[in-house]
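> Protein chains in written order, with numbering that gives the first Met the number 0: chain Y, 0 to 235; chain D, 0 to 235.
Rather than coming from a laboratory, the hints here were simulated on the basis of the structure. Mixed in with the good hints there might be a few duds.
[Said to hold, decoys possible] Which residues of chain D face chain Y? A few of them, derived with a C-beta cut under 8 Å, are:
1. 97
2. 116
3. 210
[What the hints assert, rightly or not] Taking lysine-lysine pairs in the DSS-like style, the calculated list, with each CA pair at most 25 Å apart, reads:
4. 153(D) <-> 164(Y)
5. 154(D) <-> 164(Y)
6. 77(D) <-> 209(Y)
7. 42(Y) <-> 32(Y)
8. 147(Y) <-> 164(D)
9. 49(Y) <-> 32(Y)
10. 154(Y) <-> 164(D)
11. 226(D) <-> 209(D)
12. 209(D) <-> 4(Y)
13. 77(Y) <-> 209(D)
14. 6(D) <-> 77(D)
Note that the structure is a prediction, hence the values are computed from the model and not measured. Even glycine gets a Cβ: it sits at the ideal position worked out from N, Cα and C.
There are 2 protein chains.
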Amino acid sequence: MIPVKAKLYLVPVPIDDAAPDTIPSATLTILHKIRYFMAERSKTARKYIKMLDHPLPQNEIIVIELDKHGTPDLPTLKSWLDAGQDVGFMSESGCPGIADPGAEIVQWAHRSGYEVVPLVGPSSLLLALMASGFSGQSFVFHGYLPNKKEELIKKLRILEQNTVKMNQSQIFIETPYRNLSLFESLVSSLQPSTRLSIHMVWTGAHAFSKSQSIKEWRQNGCPALRKDIPAVFIIG
Amino acid sequence: MIPVKAKLYLVPVPIDDAAPDTIPSATLTILHKIRYFMAERSKTARKYIKMLDHPLPQNEIIVIELDKHGTPDLPTLKSWLDAGQDVGFMSESGCPGIADPGAEIVQWAHRSGYEVVPLVGPSSLLLALMASGFSGQSFVFHGYLPNKKEELIKKLRILEQNTVKMNQSQIFIETPYRNLSLFESLVSSLQPSTRLSIHMVWTGAHAFSKSQSIKEWRQNGCPALRKDIPAVFIIG
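Modelling step: build the complete structure from the supplied sequences, incorporating the hints.
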């Protein structure tokens, strides 16, 4: 008998705590069969494992964390997989490896010959881009932009030029408590005709997405923008 | 009484016909309440509406198509929304507006003051990037690369340089019947140490994702690559 090789599953978690129903049943079916997990934070992972109705009691589920530098414990991971145990990797929010840790463990799995299976779930970047109405045929995600005002404004102007030259959507994020300050830099440094989309990271009917010109953002402000909810910004 | 404003919902559909369970219940709950749809193709939209257990019989559901140039019938859309009817927009596969039509209708909705709500569902680009192990902190989606061999190779070398210079994942797609020809161009024109990830567009446990160096791809080939299944390619 040839043993079935264990797999590394990339398990998305909800973006909102209030939205466990954004995780499809195909993902839940696999999640419910996994006992061994690696996670960015054990506490959050266990919260979601419980919220998503895992049939096992918490004391029969094993979760290990990345260390404080984000480095995975690869020998333990290898020992689980070699024992034929599927492993689930979870990040703090949304899809592992997208604007979140996960890449290192996946790279290791490919190098070591283990099968990697990505599961379907919510991604705030993708929801933001869908809702922006900007080009989804050509886009860049930049992660966080520079902190220093002068460098930030220089960077924003480059992104603005790329949008015009290549019809390419420019996506970026900011730490929530700096959302308002980023908004100020955007409206003060970009051309009035440039289009900006702001998406508050909520899912389903609670989502907030608005796309308009810098001129209109200047007139209307963005009262919805908060210091405690992540947002995705797109120039397009 | 203030009338509730109708919304434009962006409704993802499965990537595999075999995987209706990749659509989360939060998305299904909203889909099941919508009677008016706009779609890339009416036939496909109706197939998914049925597959996803819409409670209404097909003859009570209205679906209009984009015309052959991909242009939406905006006056009809406006008449539905103004009558207080929510509208769902669907593309042929996965998430509307991501490497698919949808942007024009969303732009119009923002300009006209209608609320746009993106729903959670599968995206082959996102699954491919998660499974690649390449950077999800900085990435570009290029859509289709040039057809002509000479231009294609020139473009691939630019993408390869960007990967190295910026640690930025470079994502692109090809018409399925050209998958093998693109693979040949990749392995023959890139550096042996460059990493390439290939993701066959299936979901869940059927997903195929492999990341290795060009040197390894040259040695092993890609027997999984098919002329009838879309694939996502990433240099990272």
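> Of the numbered hints stated previously, which ones are contradicted by the structure, given in increasing order?
Going through the list in order, the structure violates no hint and respects every one.
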